[in-house]
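Engineer: Sequence:
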Amino acid sequence: MRKWFVRGDIDGFFALAIDNLVQLLLVDSLCRYVLGFSQEIVSGRILPGVALSLVIGNFYYAYQARELARRTGRDDVCALPYGINTVSLFAHVFLVMLPAKIAATAAGAADPSLVAWQAGLVACLGSGVIEFLGSFVAEKLRVATPRAALLSTLAGIALGFISLGFLFRAFAYPVVGFTTLAIVLMIFFGGVRFKGRVPGGMVAVAVGTAVAWGTGLAPVGETPVWAGISFPNLWVGDIVTSLSAGTLMGYISVILPMGLFNVVGSLQNIESAEAAGDSFPTAPSLAVNGVGTIVAALCGSCFPTTIYIGHPGWKALGSRSGYSILNGIFIAFICLTGTLSAVAWAVPIEAGMAIVIWIGLVIAAQAFQTTPREHAPAVVVGMLPGIAAWGVLVAKAALHATGMGNPGGPPFTEALLVKFLEQGQYMAGGFALDQGFIFTSIIWAAATVAIIERSFLKAAAWSLAGAVLSGFGLMHSFQFTTSDVIVKLAPAWPWVYGYIAMALVFFVAPYVTEAEAPGAGHSPIFLENEGASREGDFEPEVS
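For the sequence shown, the working numbering begins at 1 and goes up steadily by one.
Honestly, the hints are just simulated from the structure, not real lab data. It cannot be assumed that every hint is accurate.
[What the hints assert, rightly or not] Straight-line Cα separation of at most 30 Å, DSBU-like style, residue types lysine-lysine; simulated pairs: (1) LYS458 with LYS140; (2) LYS3 with LYS195; (3) LYS488 with LYS140; (4) LYS195 with LYS140; (5) LYS458 with LYS419.
The structure presented is a predicted model; accordingly, all values stated were derived computationally and were not measured.
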């Protein structure tokens, strides 16, 4: 009989718990300090909803992994990681709840914070419904999309939003950052282990915490005050009230793309798991993801859940199904007992960030290791939009740091584009890349795979898909608000025309080009792999 817990689950638990803890701290700080929510709303409504949604997902994916292990007779199956969607977290705070609160305040509402929270519930519910419905069609998309296109998108996100972001933090606090990173790289890349079989992740967090206390990085903030015990409740009446006020249509330009973003992101993570050796069925995996988000909304949370990026990293740690169960229990305890502030006070994020950096590196490496070698250029192409989106996030954060977009400060306007251009930075292209960057990454990487295989009609089809998505405003269409540059669900005509022009080039290509002989101008990567493809040798579409 297979064990419920193995030694690797301890390392996996620390990695996932640290990641989830970061999300909870973001929820707490953004809700209280940006939205001005009371402790009762955060600890009494939102966090209990988060707890229930994460228990459902973590327990299901643990069960799913054990079932796969039972059917296949394997003992190395790793559960899909699961938690709050970071991108949706920021989108719901800044693009739904904050505008809803500002509008409610201007309208003289008795409790603007309540209105904002209710709007967040509707946005979360809408995202969950889209995720659930998307589960029934996502498998067809996964089959039709080259692996390089799916994994390269994750690689770009992993390098930018995970590894580089935390690498900045490691270099800002080098004593704790370098110490823990050295431990993690030594254990997980060096192929060694601590004597006594002590989990490396636990050692890294323990050493990081001790060094943080010794160097004054911990404790974090003031001595925490216990928020009390809370349990999930149903808040259907608040959702109905917000729906009656027109919230759904008022924020559909945020809810729709965020919901689709979550579907595609989770789909990529399932493909990543399959590339690592664990093949989970697409439909139930995505459906439970959607159910988790719906339960979150009904029980008070404004933040969608998702299948996390990083399965190969957790699998490489030796994690199986137990780490997912441990994480669900730990996060539920933190959310329901009012001890979030105490944990954050005692264990700074810096203590565990080395594990998160390592997971980002493993994901980026997987994109190259599990795709055909000749598709490596497509992987690089697919990584660029994610890295660019992270760069745009940093640029906007820098503007906020100067006071722009903040209350009382100058607003974001199109004049920014001129200022950036004066410094040689074409931020119009950056903002365009940022909107729908996951779709952009998939389309460009898939088209590049088709080009490498000389399947120019496929490349044209992917280009036309880009034109369609741009026409609906799901890619490249952006607008300025007082505090941000956000998606605009309106046709992005310049990019529509650009993708159509690309498609025409590929349609004409079979009639105006011919295949070169091996070695005639090909780069070394093609010389090594001439004629190879994902499915085997290919037949070029040129005559």
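Engineer: Determine for every hint whether it applies to the structure shown.
Structural biologist: Hints and how they fare:
1. LYS458 with LYS140: holds, 16 Å
2. LYS3 with LYS195: holds, 22 Å
3. LYS488 with LYS140: holds, 28 Å
4. LYS195 with LYS140: violated, 48 Å
5. LYS458 with LYS419: Cα-Cα ~40 Å, so violated.
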